[in-house]
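Engineer: Those sequence lines, one after another, are chains A and B.
Residues 1087 to 1629, numbered by the numbering used here, are exactly what the first sequence covers, in order.
Residues 23 to 177, numbered by the numbering used here, are exactly what the second sequence covers, in order.
Bear in mind the hints are in silico, worked out from the structure with no lab data behind them.
Check before you lean on any hint, since a few could be wrong.
[To be verified] Partial chain B-side listing against chain A, Cβ under 10 Å, derived: (1) I35; (2) V63; (3) T147.
If you're wondering where the values come from, they're calculated on a predicted model, not measured in any experiment.
No residue lacks a Cβ here, since even glycine has one placed at the ideal position from N, Cα and C.
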Amino acid sequence: MSTTRTTTCPFCLNGCTSGVSFDGYQYRMDYAVDAHVNRGRLCPRGNSASIVVDHPKRLSYPLLDGRETTWQQAGELVRQWLRAAGAGGLAIVYSRGRAADEVRRLHGLARELGTPYLACGHVEPENAFNHRLAGVEDATLEDVQSAKAMLLVGDVFNTSPVASWRMLEARYADRKNRLVVVDSLRTRQSGFAHVFVQVRPGTEPFALLALAALLDRRLSGVDVDRHAALAGVERGLLETAAKALEPKTPGFVGSAMHPGRVRHPALHSLASQLVARAAKKPFTGFRETALPFGPTGFSSLREAVAAGKVKMLFWTGGLYPGSYHELMPELDKVEHRVATAIFVPDPPIPGLVLPLTAELERSSVGGSYWGEVKRAPVASPFSGSRGFADVLGLLGRAEEADVAAPKPESVEAVIAMAAGAVAAERASDGWLLVGEKKAIGIRGFFDDEETILVNAADAGRLEVDDEDYVAVKGPVAEAAFQVHVSGQVPPGVLCVGTNVHRNRALFPLGVDPATGETVVGPARVEVEKAGVKVGPASETRAV
Amino acid sequence: MAKRIVLRMDYCIGCRSCEAACRSRFKGEARIRYGEVGATVFLPLSCRHCEEPLCAAACPFDVIRKDKETGLVLRSSFHCVGCRSCALACPFGAIDTRLLRRASQKCSLCSDRTEGPRCVTSCPTGALQFVEVGEPGEPRVGVGYAARHANWRRP
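This is chain B alone, in the form it adopts within the complex (with noise of 0.2 Å):
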């Protein structure tokens, strides 16, 4: 079964470790994203390797593709020419469009890497995990974040 990143939004502090890891990796390229929720909460974006990839379908050159045995969404960085379709037509945000080295930045779960993704890894809190998808054990997102937010509340 395919894995993916998931976010424990409870336990996120928003110290951005996941951008550094991955900044530290690719050379300057963060590949996940943050998004600012009011003053004190914080979102890690990370690509989700869609079943039916929008970014893939606007790619002019065919430069980003799904692996049909990892369910991996793939982009040849060599290949890119930076036209930003695939961050135009992501409907997360997780595709920066701001170019490094005039390619787009693209998630590839950390391929290189057999114990998974750095920021992951490095997750100070453990709010990203690497988790099988539909794992029973798949862990409840975001619980105690609406219990302390009062938009969240019943009233």
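So here's chain A without its partners, still in its complex pose (with noise of 0.2 Å):
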């Protein structure tokens, strides 16, 4: 007889209720058609979820240097570690997966060791919806059921699927209702759009600047021609666009942003805010986790570890076993490594690696968008694997801390950051690689994320046609991929998935003049016909 529990999904903080059950041989998703917030619907992350519980690859002991330790030993060598590093050369970084009591607990286990490197490594541009702009309410679900004038910025419908129903039931309740959407890719969620601006890759801030102060006559400092030409729109569709979304107009704003989109994170984040303050509308920030930044950035983090003053580095989240190259590549620097992980590292990761209960079979505590949420634990925990907490406990005792929220941004500020952003642009040639976050694609299970999408122009300058191989070579990687014509990316530029870390690792990091925080943009690549199939896309080699 099977049993059904049900939680809180965790994939991303649109918060719906899922089910899962167990027949005492394998754990099957279930529907809670009751949920306020998704009556039951779940997107193919939420559809995942089971896999993950008892996926063959699931690490279930504690691996040094790739192979089989206990947990006694991995013990003893964290304190061995800790000592030698002593708390001035301990880092702690987290990233995806970690919930808010998680986090705070993490800040208070820094506080009592008293090590000065605490950072979020979730480079991902979405965290940048922690930078808020003064003034500006947040959505509601009854706001975005009532909307009458909807602006999306970027793919909201891939980040949250199941957030998007609401919007197209709005969207068809009346005929006079409008939806806008600001992407750089014509996208699934582009068809549905009464006026789709299409911008220049990483240039959405300025045309939503450019947005913004049509809305609001009285933003000083925005050159409305200047901003829709640096974005590559006209006038008159930025035009169309504020009229649809007058304020008197109820509605709501939302913002998405995906890695290798974005080169303007914090800038993005605050325009788009900017833009339902000139609206008068409330904003949502769609995004998979809510992370604060942390008190060490990670870009300062990085230079700490190249400067060789990181003796010892213990990394929580889901990015650091699979993405060690792109995110790190100075962390050979650091003599020992301690990281969590879900699944066994493939290929294998120096240093200690920990096997850490999934997001299903713990409890916690998080965020989403229409409020805080509880998750309880549904499955039993993996063989082997051990708690937060417990892996916590290997390096000291500590109770959780409060986090404090970034301060408020004013406009005047944004008006500065995007000054400084205008004058930093520069034209450029040559083809831009952008990427794409689709739903389906998590892990990597559904969806190997194998195809780049071509022009078709590009295509008959290339000479290549559906399923044949182009080879692409960015800044520090390689990779080759099968083709897909579609009319999905404007001409000179190219997209594949980033959920996949071959894939991801095409993007170098960056950082922004801003803020100073690591930035992961469209890359600059050389792309060539690959006579035959040169291998498996999952065969990225570092250049």
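If you follow the hints, you should be able to join the two separate chains into one complex; please do so.
Structural biologist: Encoded structure:
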């Protein structure tokens, strides 16, 4: 007989209620059709939750340099390394997969140990939604459902598919209702738009600032024509969008950011909120996880690691084991490395890797777009894995500590930040590789993302057609992809999925000069037709 | 009256959640396929459980049969030899030519689940619906889709 337990889906911040049933042999997803937020509906990520629980590649024992070891030996090693590094040489990094209460516990531990380095390694641009603009309200479910004018920046539908149904209901509720989409790619979401503003990749903030200036004539310091030209859109189109979003019409503004598509994450976030403020509408930043930045910036931490100041690194979260090369090539300089993982790292990574329980196997407290949610464990802990508190116990005991929220930015600060970005804007030629975050692409389970989207005109230039292969060489890595000729991308732009680490490695890490934060923006690449299939795209090689 | 999956094209966002739900349950089998129309339109293709199924007629081993009570066109995975005749015969392209565990993949409308197919329950926007055939309230499909695409507009 099977038992079903319900919890809140951990894979994005929509807060969907999902059920997991266990028949004594296998975990399967179930659907809570009476749930207020999602009515039983689940996106591909939510549907794959049960696959994670009993996946054959789950890690069930600690690994030391790729070899099996015991928890007792691992504990002794951690304590020994901690004594050798000292509190001043220890760095703690958290990334995707950590809930709010777990991050608070990490902050408490860092204070207790006195380590100077505590950073958020979640370098996805969506984390820049931590930047808030003063005077902008958070949208509620009712705001979305009753909206008559909506602005969506980026691919919100793919970031939170279940959140999109209320938007579509609102769009179709009345023929006068309007949906405006600002994006660099012609995604499926753009097919629903009444006004689609297609901008050059990475220039969304300029189009948004121009839109805000058209909505609020009192906004000074924004040259509408200049900003529209930088974004590659006509002023008339922005005026049509501004008319659809006029302040007296109830609605909301939603924004999403994707790795490899955003060049100015903080400005992108703040410019989206500036439009919301100018249009007098509430705002939601759609993202998969909400993690505070941490007292040490990730870029500063990378500098400290490169300078040899960090002797021991404790990394807990989803990105490290698979993103070793593209995240921190300087990591080789750290003598002792400890990471938590749910899956067996492939390829093996040096240092100590500790098996952690998956999201569905432990209780946690997390945020959602629509309020705070609590998650209950719905599956038994995987054999050999341990809970987060137990793993932290190897470093020391600490209580949860408060994490200070960032101070809201002023409109003047946003305009000044934009002026800096405009001054630094340079025209350049060549192929531009951008990223797409597909909901189906979670961890490569359903879509291994071995295709690259190429515009029909570019396909002619490259003399390739569907199912041919092209070799893409980026600043830090190269890989081969199968061509899919598509109208989603404009000429000169290529697009790959960024859910798998192999593709993400093509996008080098940069630094946002305005905030000093790490940026994963569009990459300049070289492309040529591969005469024969040059091997699976999974073989990304460092250049 | 028999129930069937109906797609409201106006609401499909192409997230492929239907496919993920199907694969999660059937151990890697995606019994619902999808097709792309242009750059921005996406169509899930599920078995229509035809009145006179051509896949059943084409099957050389009578592995596919139409259930007289429920009207479902069901396949026995144990007896399927993977000859792909059903995939070639299906006029809607709803059966994939790729085999899994040496058998063709055929939708059974989640006959193991009383609440209806998983793809319908999990569809994030409610684009997939499980309705009685000929039901008066059957959704008008594709009205908005037609309105937002130049090919379908009157000049």
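Engineer: Does each hint hold? Answer for all of them.
Structural biologist: We went through each hint and held it up to the structure:
1. For the restraint placing B:I35 at the interface with chain A, the shortest Cβ-Cβ distance is roughly 5 Å, inside the 10 Å limit, so the hint holds.
2. Contact between B:V63 and chain A, as hinted, is supported at the beta carbon level, the nearest pair being about 6 Å apart and thus within 10 Å.
3. A cut of 10 Å between beta carbons decides the hint on B:T147: the least distance to chain A is about 4 Å, and the hint holds.
In the structure shown, no violation is registered for any of the earlier numbered hints.
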